[in-house]
Amino acid sequence: PVAEEPFRFSMELDNLPKEALKQMIFEETLLFKQLNEDA
Numbered sequence: 259p260v261a262e263e264p265f266r267f268s269m270e271l272d273n274l275p276k277e278a279l280k281q282m283i284f285e286e287t288l289l290f291k292q293l294n295e296d297a
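Here this note's numbering is used: position 30 in the sequence shown is 288, and no number is missing along the way.
Calculated from the structure, these hints are not laboratory results. Each hint should be verified, as a subset may be incorrect.
[Said to hold, decoys possible] Cβ pair distances, simulated, as ranges:
no., residue 1, residue 2, range
1, Leu293, Pro259, 17 to 27 angstroms
2, Asn273, Asp296, 28 to 38 angstroms
3, Pro264, Glu295, 29 to 39 angstroms
4, Ser268, Glu295, 27 to 37 angstroms
5, Ala261, Glu286, 11 to 21 angstroms
6, Glu285, Glu262, 20 to 30 angstroms
7, Glu262, Phe290, 27 to 37 angstroms
8, Ser268, Asp296, 31 to 41 angstroms
Glycine included, C-beta positions come from ideal geometry on N, C-alpha and C.
Take the sequences, apply the hints, and build the full model.
Right, dumping it as structure tokens:
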């Protein structure tokens, strides 16, 4: 695969509040679980 945009460290999410990062991880985990249950 080819990246849509070149990688830049400025894209890192280090400035996100801890709670926002935790919420994003939780949502990604739910999506992963749903996709694997349907397989």
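Cross-check of the supplied hints:
Separated by about 18 angstroms at the C-beta atoms, Leu293 and Pro259 satisfy the suggested range of 17 to 27 angstroms. Roughly 35 angstroms separates the CB atoms of Asn273 and Asp296, a value that falls within the hinted 28 to 38 angstroms. A hinted range of 29 to 39 angstroms for the beta carbons of Pro264 and Glu295 is consistent with their spacing of about 35 angstroms. Hint check: Ser268 to Glu295, Cβ distance near 36 angstroms, so the stated range 27 to 37 angstroms holds.
For Ala261 and Glu286, the hinted distance range of 11 to 21 angstroms is satisfied, since their beta carbons lie about 19 angstroms from each other. Checked against the hint of 20 to 30 angstroms, the pair Glu285 and Glu262 passes, with Cβ atoms roughly 21 angstroms apart. Checked against the hint of 27 to 37 angstroms, the C-beta distance between Glu262 and Phe290 comes to roughly 22 angstroms, which is inconsistent with it. At about 35 angstroms, the CB distance of Ser268 to Asp296 agrees with the hint of 31 to 41 angstroms.
Consistency with the previously given hints fails for number 7 only.
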